[in-house]
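Residue numbers (numbering that gives the first Met the number 0), protein chains in the order written: chain A, 0 to 301; chain B, 0 to 213; chain C, 0 to 490.
To be clear, the hints were calculated from the coordinates, so they are not data collected in a lab.
Warning: the hint list may mix true and false statements.
Claimed, not checked - Listed next, the stretches of chain C that the computed footprint assigns to chain B, with coverage defined by at least 3 CB atoms under 8 Å from CB atoms of chain B:
| hint | region |
| --- | --- |
| 1 | 124-135 |
| 2 | 140-147 |
| 3 | 156-169 |
Only a predicted model underlies this, so the values are computations on that prediction, with no experimental measurement involved.
Beta carbons: idealized from backbone N, C-alpha and C, even for Gly.
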Amino acid sequence: MMTPLKFFNPVLGLVIAPFLLGIINRTKAVFAGRTGQPLFQPYYDIWKLLRKGAVYSRMTSWVFRAGPVLGLAVALTAMLLMPFGGLPAAISFKGDLILFVYLFGLWRFFTVISAMDTGSSFEGMGASREVTFSAFSEPALLIGLAAIAKCTGYISLTQMFSSVVPELWLRSGPALVLAGVALLIVFLAENCRIPVDDPNTHLELTMIHEVMVLDHGGPDFGLILYSAALKMWLLGQILIGIVVPIHSGNIWLDTSAAIVGMLLLAVVVGIIESSMARLRLLHVPQLLIGATTLSVLALVLR
Amino acid sequence: MNNTADIIMIFLVLTNMMLLGLSRLGACIRIVALQGIALGFLPLILNHWDIEVHLVLFSIVIISLKGIAFPWMLNRTLRELATQREIEPFIGYGISIIAGTIALVMCMWLSSRLPFPEPLMSPLIVPVAFFTIMSGLFLIISRKKALTQVLGYLVLENGIYAFGVALVGKQPMLVELGILLDIFVAVFVMGIAIFHINREFDHIDTDQLSRLRS
Amino acid sequence: MILALLLIPVIAAVLSLIVRNDILRRLILIVTAASHTAITITAWAIEPQALWNGWLMLDKPGILFLTITSVLFLACSFYAFGYLAGEAKSKRQVFEEETFFTNAPEAIFCACIEGFLGTMTLVTVSQHFGLLWVAMEATTLASAPLIYFHRHHRSLEATWKYLLICSVGIALALLGNFFMVIAAAKPGSEGAAIVLNALIEQGHDLNIQWLKAAFLFFLVGYGTKMGLAPLHTWLPDAHSEAPSVISALLSGALLNCAFLGILRCYQVCSAAGEAQFCRGLLVLFGLISIGWAAIFILGQADYKRMLAYSSVEHVGILALGVGIGAGATFGAMLHAVNHSIAKAMLFMTAGNIIAIYKTKVTKDVRGVLSVAPITGVLWIAGFLAISGIPPFGIFVSEFAIVKSMIEQGRIGIAVAFLGILAVVFVGMSAAFLNMAQGPKNNDLQAKDRPAMAFTILPPIALGSMALMLGLYIPPVVENLLHSVASAIGGY
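Work out the full structure: start from the sequences and follow the hints.
Next comes the structure, spelled out in C-alpha cells:
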C-alpha cells in the first residue's frame, strides 16, 4: 500500500545522497589540512553537468546512451526496496533482499556494457577489473544479508531491519558484528573507495570505476554521478540498519537517528580513506574473500 | 558466561583465518601469541569465573608461556633471518582462506554429529577446536618457511588444548604442566634448529631441504 | 627401584655436561648403562614397588621393553666409547658433498643419550596415558640433537623432518588421550583418570565410539613415531644421517617404546571388547609398512638407508603380528626382542664399515671380508639374522606369526607376507653380499682405529645373543613373553 510516509523514504534518499559525497570529501580535506570543497559541491557538479551538451563518439550505439539512464532507473528501483530508520520500504515482499542484490548486479551490467560499447581497450580493462572484483563482493553481500536474515528470522528487508533491536544485539552480537564488518568491506568495494579503488586517481594502472565512465560526458556523466551517490546511500542504509538499532516507535526519532548515522558513516569512510593506502590490485580479491569469509562465519556461527 | 566463551571462540576463528591469509612472519607470530592469551582465559571462563587457586595458576602459566615466552623465542629467531615474509606457498593465500571456510563448515557439521557425554557450555567450542587443529595442520603442510611450520605446530597444540579444556575438565596438574613443558622445550629446540638451518643454508625454505631422497 | 631407574640417567646427563674430561665422560656413560641394566635384571626377580598411586609401575609388557632398551643401551654405550674415541675433533669433509662439517660437542652427545635413556625408561614404566605422552614427546626432544651430531646439511634436514613430523604425530596422540578421557567419563563425575589398570577394570563401561576414535588417533600418532607406513617419512632420513650408534638405539629401542604406546591403548580396547576393530587396523598398517619398505629396499643405493627401511619392514611385522592375534602375539613380542638385537648389531657393523671405507654408498664398498674379516663376518651374520634365516632368532618369531596366520585360515595374508619377505631378501642379499665379497683394496687400513675393541665386541655380543635366541629361548624369557602376550590380549 502506497502511503505518503512510504514515499518519504525514497525522497529522503534522493535529496540527501550527494551530501554524503560532500561530507567524505570534506573529511579527507580536513585530514589533509586543506579547506576543501564546499559541502554541497556534488549538487553543483551534477547541476552543472546536466546543463551541458554531450558529445557522442560515432563508434558507440544506443547502448552507450542508454547505460546511464538505465543505471539511474535501477538505482531508483532499489531505493523503493530499502527501509530506513523507522520508515518502511515503499515495496516489500518476502525475499526482496535477493532482488536487491540482483539490482546491483543489473546496475553493474549496464555500466559494463555501455563501457564496452565504446570499443576502447581502456574501458574494457576497467570493465574486466570491475567484473572480477564484483564476483568476489557479491557473495559477501548476499551472504551477509542472509546472515542478518538468519539472526532476525525474516527474509524481507523491511521486516529484517525493523527487528534489529538492542535485544537482538545481546543475543547474536558477534554474528551481527561479523556481518557488519563484511558489509563495510563490501561498501568500500562497491563504492570504489580506498582501499579498493581511489576515486581521485587518473592513472591508468590504478583506475577501476573511473575508467569505465571515462567517455561519458555532460548529462550522462551527471546521471552517473547521481546514481553512484544513490548506490552509496543504499549500501549505507544496510550498514545503518545493523549498527543503529533504534526502533522506539517514534518515526521522527528513528529517522533522525538514522540520518545522523549515515552522516557519521560518511565521516568514518572519509577517515578510512585518509588513513589507508590503496591495496595492490592483486590483494583486492584476498580482501573480498576475507569479507566473504566473515559473512559465512556470521551465517554459520549464529 | 555463554557469550564470553562464544566471543573467545569467534576470536579464535578469526585469528586462524588471518593466519591462513597473512604472509608477514612477524604479524603471524603476534597472532599466535594472541590466540594463546585468549586460550589462557578459557579455563577460568569455563569454570564460570570461580576463582580456584590452581586454575588461576594454570592460566598464568599458559598466558606467560604462549603469550610471552614463545613469541619472544620465535622473534629472536626471526631477527636472524634475511626475509620477513613467507614466500608464495604451495596453496595460495586466497585459496587458503576459502579452504579454511569450508573446513570450518565441515567441522561444525561433524561436531553436531558427535555424541557428547555432558552438555557443553557453548556449542562453538568443539567445532572451533577441531577447526584450529585443522588450520594448524594446514599451515604445516602448505607453507614453506620452517618458522611458519613451527607456528602451525603451535596452532595445532592450541586447538588440542582448547578441546581438552572444554571436554576433559580437570586433568591432573602434573600432566598439564608436563604437556606444557614438553611443548615449551619442543618450540625451544625447533627454534634452535631453525637458527642452525638459517646458518647452514642461508634461508629457511624447507621446500629446498630435499637432498635426501627415496 | 623405579625411582633409581629414572634418576640414574638424569644424574648422569647432568654430570656429562659438567665433566670436562672426554674419557671420564665416556666412562660415566658405560657406568650408567651397566647400573641401569643391573637394576633392570634385579626387577625380574623382585617385583618393584609401584609409585605415585599406580602411575609408575613395571608390569609385564613394561619390563620386557625396558629390558630390551637397557641391554641395547649397554651394548651401545660400549660401542659409543670406541666411536667417540675415533671421531676426529676438527673439520672433516662430508662423504657425499664437497662441504666440510664439524661434530657437536661430545658433552651434548653424552648428555642427550643419557637423557634419551631416561625418557625411554619413563615410557616403559608409565601407566598413566598422560605421563606416557609426556615421556614420548620427551624422547623426541632428547634424540633430536643426537641426530644432528654431524653438523652438516643432510643431518640438519633429517633432524628437522624428525622433529616436525614426530611432534605433529605425537600431538595427534594427545588428542587421542583426550578422546580416551571422554570414553572413560561417567556422567556427572569429574574427569576420569586414564590409568591403564583403572581403564581395563572399567572394560565394557567405556564409550565405544570415543574409544575407537582414541585408538585410531593413538595408532596414527604413535605410529608416526614407530615408523608405520605411510607415516614413516622421517625414518629413512633420520636413521641414515645419525651416527650409527644412535641409529641402533633409534631402531632398536625407540620404535619399540612407541609400539608400547599403541599396545597400551590396544589393551584398553580389548578389555572393552573392541579387539577386532583394532586388529583389523593393525593388520592393515602392518601390511602397508612391509610392502612399502620392500619397494624401497630394492635398488637402494645407501646401505644405511636400506637398514632404515628394513626397520620400517620389521615394525610392520610387529604390527601385523599383534593384529593377527592368538599365537602371533607371542611371535610379535619375540620379534620385538630379536629385531632389536639384530638391527642394533647391523647398525654397529655398518658404523664400522663407514669408519673404514668413509662412504655410505653400497656400490663403493667392496671386499669387507678381506679388508676387515671380523666386520665382514658380522655383516653377513647380521644379514642372515635380519632376513629370518635359521638358526637366528628372527626366523623363530616370523615362523610363529605365519603359523598363527595359517591356523586362523588367513592364507591370503600369509602368502602376501611371505612373498614380500622374499622380495626383501632378494633386495638385501644383493647389496650385502656384494659389499662383503670382492677383492681386497690395499689402500684401506682396518687396524689402526683407536679403541677398536670397543667397536667390535658389542656387535659380536649382540650377534651371539641373536644366534642363541634362535636356538634356545631361556624358560624365564619364554614365560615373560607368554605373559606379555596374554596381558596384551593375545590369548
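Within 8 Å of chain B's CB atoms, at least three CB atoms from the region 140-147 of chain C: coverage verdict
n = 4 at 8 Å, threshold three: holds.
Just to make sure I understand the rule, a stretch counts as covered if three or more of its residues have a C-beta closer than 8 Å to a C-beta of the chain. Does the region 124-135 of chain C meet that for chain B?
Coverage by chain B holds here, the residue count being 5 at a Cβ distance below 8 Å.
At least three residues with a C-beta closer than 8 Å to a C-beta of chain B: is that true for the region 156-169 of chain C?
holds (count 9)
Going through the hint list in order, the structure satisfies each hint without exception.
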